[in-house]
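> As a plain string of letters, each chain reads:
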Amino acid sequence: MRNKRAWFAFPYVIWMALFVVIPILIMLVYSLTAEVETASGTAFEGSVENFTGMTLYMNVFGRSFWLALVATVICLLIGYPVAYLMSREGPGFQRVAMALIMLPMWMNFLLRTYSWMAILENNGLLNQLFQKLGVISLYNRLTGSDIDHFQMIRTSGAVVLGMVYNYLPFMILPIYTVLTKLDHRLTEAAEDLGANAAAVFRRVTLPLSVSGIISGVTMVFVPSVSTFAISRLLGGGTQMMLGDLIENQFLGGAYNPHLGAAISMVMMVIVVICMLVMNHFGDGEEEAVML
Amino acid sequence: MSKELIRLKDVTMTFDDVTVLKDINIYFNDKEFLTLLGPSGCGKTTMLRIIGGFQTPTTGDVFFDGERINDVPPYRRQVNTVFQKYALFPHLNVYENVAFGLRIPRETTYENGKTEKVKLSRDEIDSRVREMLEVVSLKGFERRSIASLSGGQQQRVAIARALVNRPKVLLLDEPLGALDMRLRKDMQQELKRIQQQMGITFINVTHDQEEALAMSDTVVVMNEGVIQQIGTPEDIYNEPKNAFVADFIGESNIVDGIMRADRVVEIFNRRFACLDGGFEKDEPVDVVIRPEDVDIVSEAEGQLRGTVTSVTFKGVHYDTIVDFYGFKWLIQTTDYCPVGSRIGIRIDPDGFHVMKKSKYSGLYGDYSSYSEEYDEINDPTLLDVEEEGAGDEE
Chain A
1 MRNKRAWFAF
11 PYVIWMALFV
21 VIPILIMLVY
31 SLTAEVETAS
41 GTAFEGSVEN
51 FTGMTLYMNV
61 FGRSFWLALV
71 ATVICLLIGY
81 PVAYLMSREG
91 PGFQRVAMAL
101 IMLPMWMNFL
111 LRTYSWMAIL
121 ENNGLLNQLF
131 QKLGVISLYN
141 RLTGSDIDHF
151 QMIRTSGAVV
161 LGMVYNYLPF
171 MILPIYTVLT
181 KLDHRLTEAA
191 EDLGANAAAV
201 FRRVTLPLSV
211 SGIISGVTMV
221 FVPSVSTFAI
231 SRLLGGGTQM
241 MLGDLIENQF
251 LGGAYNPHLG
261 AAISMVMMVI
271 VVICMLVMNH
281 FGDGEEEAVM
291 L
Chain B
292 MSKELIRLKD
302 VTMTFDDVTV
312 LKDINIYFND
322 KEFLTLLGPS
332 GCGKTTMLRI
342 IGGFQTPTTG
352 DVFFDGERIN
362 DVPPYRRQVN
372 TVFQKYALFP
382 HLNVYENVAF
392 GLRIPRETTY
402 ENGKTEKVKL
412 SRDEIDSRVR
422 EMLEVVSLKG
432 FERRSIASLS
442 GGQQQRVAIA
452 RALVNRPKVL
462 LLDEPLGALD
472 MRLRKDMQQE
482 LKRIQQQMGI
492 TFINVTHDQE
502 EALAMSDTVV
512 VMNEGVIQQI
522 GTPEDIYNEP
532 KNAFVADFIG
542 ESNIVDGIMR
552 ADRVVEIFNR
562 RFACLDGGFE
572 KDEPVDVVIR
582 PEDVDIVSEA
592 EGQLRGTVTS
602 VTFKGVHYDT
612 IVDFYGFKWL
622 IQTTDYCPVG
632 SRIGIRIDPD
642 GFHVMKKSKY
652 SGLYGDYSSY
662 SEEYDEINDP
672 TLLDVEEEGA
682 GDEE
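Top to bottom, those sequences are chains A and B.
Residue numbering for the first sequence follows this note's numbering, starting at 1 and increasing by one per position.
Residue numbering for the second sequence follows this note's numbering, starting at 292 and increasing by one per position.
Rather than coming from a laboratory, the hints here were simulated on the basis of the structure.
Each hint should be verified, as a subset may be incorrect.
[Said to hold, decoys possible] Here are some of the chain B residues that sit facing chain A, going by a computed Cβ distance under 7 angstroms: (1) P365; (2) Y366; (3) N371; (4) T372; (5) A378; (6) H382; (7) F391; (8) G392.
[Unchecked claim] With the Cβ distance kept under 7 angstroms, some of the chain A side facing chain B (calculated, not the full set): (9) R185; (10) L186; (11) A199; (12) P207; (13) L208.
Where a beta carbon is used, it is the ideal one built from N, C-alpha and C, also for glycine.
If we strip away everything but chain A, and leave its shape as in the complex, we get (with noise of 0.2 angstroms):
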């Protein structure tokens, strides 16, 4: 062995094997058979009904990596920025800023979403405010309708803002990191060679943010692609995603762990060929986060 203290590794690799690859295995040998009735009870048997009949759940897919990359592109927008003027600031206000940013993650991930229903619900606190400032009626009165509240939960504008809500720090934090290493020297040489303050940012900065970038791509995007409470709560059932349909087939009344596991599959497929296109743009930067 090349490294004499590999087997300090040795941990995490049994942890890997049993909790990481042979659920896959198990769940590639579920999602390619299917359960048959014999004399003896029940039997698995080889199929691959599961990936054709999936064709049927095509909407969901397509919502499912819809919104997960809406929710990506709008946490890069607000997260980017964030992210730069923290990293040009002094040390305390990273300090102030950063626990800020990580405040929401002290709380519990379903009792934040479940504070964004009873902000977003048809009687909710905002409806209840725009009420009170007389911006339905207003809103009545210029388009000539009559509405009594605006309709906000069980969107998928809704489930968006969640996903944003949620995810967000996980954008900010591996680009925080990446433009704080960044050499002030590089900013400076871009400078004396003629570029002007967009032209810096242009050529030097953001190449050399991009391996944040893909790392904070990834920790949103994956997550909001399977993500089954924030759909369910926010979308209120109007918004099925992956994750909600994977969980029907195992816990809930569509029973099917073979479909929900060649669902998971395929799934994990998508999001592995996505983060590869992403690395591909990245040019083998190291710090890239893969998965």
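Given the coordinates of chain A, work out where chain B should sit on it, guided by the hints.
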């Protein structure tokens, strides 16, 4: 005569109540190789950054070609910089690093007063990059990544990247600091050649006095944010203005003396003929005697008599430390004198250099602690520490 290009007028720079530059007045001529020389913390890099536009002086003005440029940002100055440790762009290859400045559209003002952003054509960029890579002997390295280059090669890329923009002035911030001894010597010649080939001003910052003497047309010696002396390398070495300069440039024995008359200096209560004049009668002075200007003779023939306390073989000569009446001198000679032997010395009139007393009098030029100083001089990693330490004491 070459014309004046840059002038700093009454420039003072203060960071958080620490004054880094004090009332600097200096001008830089066109096509000149000038070196700012001094220990770390003397303000030389700050001066370079003011010229480059990365810092604005607290008070005072900077002029370029007669025009005040205090508020002109770096990207609008006809000055380019070779940064300490080069600051090459890691995401670009050698070619793209050099082409960086050329790919940025430049604002050009026409005679009718219109300004327009002008982009260079691909062919023009290509020919200028290739030409410059040839100047720095890096032909064939176009596609190499920065990380795959040696220190010396990176240095050449940094020089090419700056010069390709055809600046009027090239600023070099400790350009040879990261190179090993041998490479440093080669690059000294190389930089000098490039400067002559390009025919522009080079302003170089270093703490290495040997480098300063070898490369420069003009040397500016700085300490504690103040210019100590400006002159040709010969002037600086032969006619140092004060004890600091004498000690910082080369090896010097500096002793207290009294000018008894023009061309007569008294040290150790003996009068010697010298070439200096213009002092008041009986004025206390600092007297510099360079180690190579001392002849060792027999004790009987000597003008001064002392005891050898240490001898180090240096190849070309011996570094001999001699105790004269409790004051230790460094003498560089090809004659071997064993430790403990009594010797005499003779010094020709041109071996004395007399300086006015200054705040640095008595601080430098004594070789009593020679062995320690010797170690520090020869250990580059200790250099900065030693200099900063010396600064703190004062």
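> So, for every hint listed, does it hold in this structure?
Cross-check of the supplied hints:
1. P365: Interface hint status for P365 of chain B: holds (4 angstroms vs cutoff 7 angstroms).
2. Y366: holds, 5 angstroms
3. N371: Constraint on N371 of chain B satisfied, holds at 6 angstroms.
4. T372: It holds, given that the least Cβ distance between T372 of chain B and chain A is near 5 angstroms, below 7 angstroms.
5. A378: holds, 4 angstroms
6. H382: holds, 5 angstroms
7. F391: holds, 5 angstroms
8. G392: holds, 4 angstroms
9. R185: With Cβ-Cβ at 4 angstroms, under 7 angstroms, it holds.
10. L186: Cβ of L186 of chain A sits 5 angstroms from chain B, so the hint holds.
11. A199: Holds. Min distance 6 angstroms.
12. P207: holds, 5 angstroms
13. L208: holds, 6 angstroms
Violated hints for the displayed structure: none, as all numbered hints are satisfied.
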